[in-house]
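Enquirer: Sequence:
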Amino acid sequence: MPVAVSGQHLTENTGTPNSGTPVRLVLLHDRTGKVLALLPAAALLDLNRLCQLAERDLQPVKAEDARRFFSQPGLQTPAGREQLLSLPVLLDSQCPASDWLCQEPHSGWQFTLQQPPQHEQVQRGHFAIAAQAPQESVGISDSVVINRAVERFTGLRVQQRLEDLLGLPGLSESMHSIVRLRSNPDAGVDDLVPVVKRDPSLSAQVMGWASSPYYAAPGKVRSIEDAVIRVLGFDLVINLALGVAMGKVLQLPEDIPRGSIYHWDQAIFTATLCEKLATLSQLDERPRPGLAYLAGLLHNFGYLVLGYLFPPYFSKLSRYIEANPHLEQQQVEQEVLHVTREQIGGWLLESWKLPDEVSMAVRCQQVPVEAGEHQHYARLLYLASRLLRAEGLSDGPRVAIADGLMAQLALAPEQVRQAVEEVKAQTESLSQLSRLFDAGA
Numbered sequence: 000m001p002v003a004v005s006g007q008h009l010t011e012n013t014g015t016p017n018s019g020t021p022v023r024l025v026l027l028h029d030r031t032g033k034v035l036a037l038l039p040a041a042a043l044l045d046l047n048r049l050c051q052l053a054e055r056d057l058q059p060v061k062a063e064d065a066r067r068f069f070s071q072p073g074l075q076t077p078a079g080r081e082q083l084l085s086l087p088v089l090l091d092s093q094c095p096a097s098d099w100l101c102q103e104p105h106s107g108w109q110f111t112l113q114q115p116p117q118h119e120q121v122q123r124g125h126f127a128i129a130a131q132a133p134q135e136s137v138g139i140s141d142s143v144v145i146n147r148a149v150e151r152f153t154g155l156r157v158q159q160r161l162e163d164l165l166g167l168p169g170l171s172e173s174m175h176s177i178v179r180l181r182s183n184p185d186a187g188v189d190d191l192v193p194v195v196k197r198d199p200s201l202s203a204q205v206m207g208w209a210s211s212p213y214y215a216a217p218g219k220v221r222s223i224e225d226a227v228i229r230v231l232g233f234d235l236v237i238n239l240a241l242g243v244a245m246g247k248v249l250q251l252p253e254d255i256p257r258g259s260i261y262h263w264d265q266a267i268f269t270a271t272l273c274e275k276l277a278t279l280s281q282l283d284e285r286p287r288p289g290l291a292y293l294a295g296l297l298h299n300f301g302y303l304v305l306g307y308l309f310p311p312y313f314s315k316l317s318r319y320i321e322a323n324p325h326l327e328q329q330q331v332e333q334e335v336l337h338v339t340r341e342q343i344g345g346w347l348l349e350s351w352k353l354p355d356e357v358s359m360a361v362r363c364q365q366v367p368v369e370a371g372e373h374q375h376y377a378r379l380l381y382l383a384s385r386l387l388r389a390e391g392l393s394d395g396p397r398v399a400i401a402d403g404l405m406a407q408l409a410l411a412p413e414q415v416r417q418a419v420e421e422v423k424a425q426t427e428s429l430s431q432l433s434r435l436f437d438a439g440a
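The opening position of the sequence shown corresponds to residue 0 in numbering that gives the first Met the number 0, with each subsequent residue numbered one higher.
Be aware that a few hints might be false.
Said to hold, decoys possible - 20 Å max Cα-Cα, derived EDC-like pairs, lysine to aspartate or glutamate: (1) K61 with D29; (2) K315 with E253; (3) K315 with D394; (4) K315 with D254; (5) K315 with E334; (6) K196 with D234; (7) K61 with D254; (8) K61 with E327; (9) K315 with E119; (10) K315 with E81; (11) K247 with E172; (12) K352 with E253; (13) K61 with E253; (14) K33 with E81; (15) K352 with E172; (16) K423 with D402; (17) K423 with E413; (18) K315 with D56.
In case anyone wonders, no lab produced these hints; they're calculated from the structure.
With the hints as extra help, turn the sequences into a complete structure.
Expert: Spelled out as structure tokens, the structure:
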């Protein structure tokens with residue numbers, strides 16, 4: 000089997016140094032052993048079709064295991080690569096007949112291959128499908144898309160869960176008051192402090208936040224007024240309280256993609272970076288930092304809702320996300336569940352009467368231009384999530400930042416880099432805050 004190898008790793012913002020049609024390597028396993036799947040690089044791997052072809056219950060290996068496996072020094076030699084390709088191989092029928100650029104997304108390892116494996120353990124079939132781009136669903140009525148999706152999954156039971164969510168299940172009266180205050184542009188500290196004082200649990204949380212190492216308040220925090228007025232401020236107390244309320248309504252799904260970043264860590268990191276970027280923006284109508292923070296805090300809220308609505312299917316979704324790390328997770332959701340976290344999250348936040356800036360930013364964070372007059376908030380989310388992915392602080396494929404995005408937000412690249420460094424330096428104290436948001440904590 001003729002094999003030509005380059006041994007170079009893929010890096011962000013660089014062209015591929017090798018010729019050939021990109022083909023993706025996916026390592027899977029079951030109790031019988033390992034299997035190597037080969038398919039067009041940009042396609043979505045359909046696990047159902049693949050398992051039917053192999054007549055095995057295969058799962059992708061964990062991301063960390065894939066990185067370790069494909070980083071072995073032995074694979075950098077022709078003999079090692081030939082041994083790799085001697086594994087049982089599932090070969091998608093859409094792969095070209097020759098001249099491949101084989102790529103493994105977790106490790107970034109790639110090599111050229113003149114022709115596909117041709118031994119007796121090669122099975123050919125169709126298990127790669129074109130992934131729909133996230134923007135294809137933008138513009139369609141979200142309520143129509145969501146209702147169609149839930150109708151596919153044991154209609155009445157799922158519909159009842161959706162109706163329960165619309166009723167803000169499990170929120171205390173003080174949290175309902177918080178939602179109303181967040182929706183009232185004229186509300187202020189004088190309205191907020193009495194609400195906090197009436198709820199012992201919320202009062203304790205506010206005092207805890209104000210006394211936390213992250214906020215490093217000078218002197219001792221002695222009262223709710225002191226915590227709200229001197230340390231935290233109206234926007235932050237409201238936003239953190241809303242995050243805690245959402246965390247109590249919806250627990251984290253159990254079978255999440257292995258190796259993923261803790262949900263509320265991502266939420267706090269994204270919120271903090273969005274707030275910093277909003278503060279730095281030189282736009283004439285600068286995004287309000289408080290709303291930018293809330294949009295970041297709830298940017299991935301639809302993910303929790305998917306776990307709540309579709310628990311029997313969530314494990315399947317997690318495996319598909321693991322098998323397709325090169326795709327936006329929303330593209331995988333669209334294929335598996337026929338609805339995305341942005342659609343669910345944005346629709347619910349709008350239904351709960353949260354500010355339009357927040358619900359539109361969450362809904363349109365993948366395609367910010369669709370957010371219309373609120374597109375700057377969606378752009379902040381788009382930018383923050385991709386900057387954090389590059390630092391390993393958020394889930395999703397690492398991609399280059401779109402040209403001109405920082406200029407559209409009137410942000411200087413050096414200021415953006417500094418903001419990211421500040422969040423990286425604060426991850427430990429931010430993670431302490433994020434543990435308050437988990438309903439199981």
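Enquirer: If a hint holds in the structure, say so; if it does not, say that too.
Expert: Each hint tested on the structure:
With a CA separation close to 12 Å, the supplied pair K61 and D29 stays within the 20 Å bound. Proposed proximity of K315 and E253 is supported: the alpha carbons are some 12 Å apart, at most 20 Å. Between K315 and D394 the CA atoms are separated by roughly 18 Å; this keeps the pair inside 20 Å, and the hint holds. Pair hint K315 plus D254 holds up; C-alpha atoms about 9 Å apart against a cutoff of 20 Å.
For the hint pairing K315 with E334, the CA-to-CA distance comes to about 11 Å; that is within 20 Å, so the pair holds. The suggested pairing of K196 with D234 holds, with an alpha-carbon distance near 17 Å, which does not exceed 20 Å. Restraint check for K61 and D254: satisfied, since their Cα atoms lie roughly 13 Å apart, inside the 20 Å limit. A threshold of 20 Å between alpha carbons decides the hint, and for K61 with E327 the separation of about 18 Å falls inside it, so the pair holds.
Between K315 and E119 the CA atoms are separated by roughly 30 Å; this puts the pair beyond 20 Å, and the hint is violated. Under the criterion of a C-alpha separation no larger than 20 Å, the hint pairing K315 with E81 is inconsistent with the structure, at around 32 Å. Between K247 and E172 the alpha-carbon distance is near 14 Å, which keeps this suggested pair within the 20 Å criterion. Proposed proximity of K352 and E253 is contradicted: the alpha carbons are some 29 Å apart, above 20 Å.
At most 20 Å may separate the alpha-carbon atoms for a hinted pair to count; K61 and E253 meet this at roughly 16 Å. Between K33 and E81 the CA atoms are separated by roughly 15 Å; this keeps the pair inside 20 Å, and the hint holds. For the suggested pair K352 and E172, the alpha carbons sit about 16 Å apart, so the restraint of at most 20 Å is met. Taken as a hint, the K423 and D402 pair is broken in the structure, with Cα atoms around 24 Å apart against an allowance of 20 Å.
Between the alpha carbons of K423 and E413 the distance comes to roughly 15 Å, so the proposed pair stays at or under 20 Å and holds. Of the pairs offered as hints, the one joining K315 and D56 holds, with about 12 Å between alpha carbons and a cut-off of 20 Å not exceeded.
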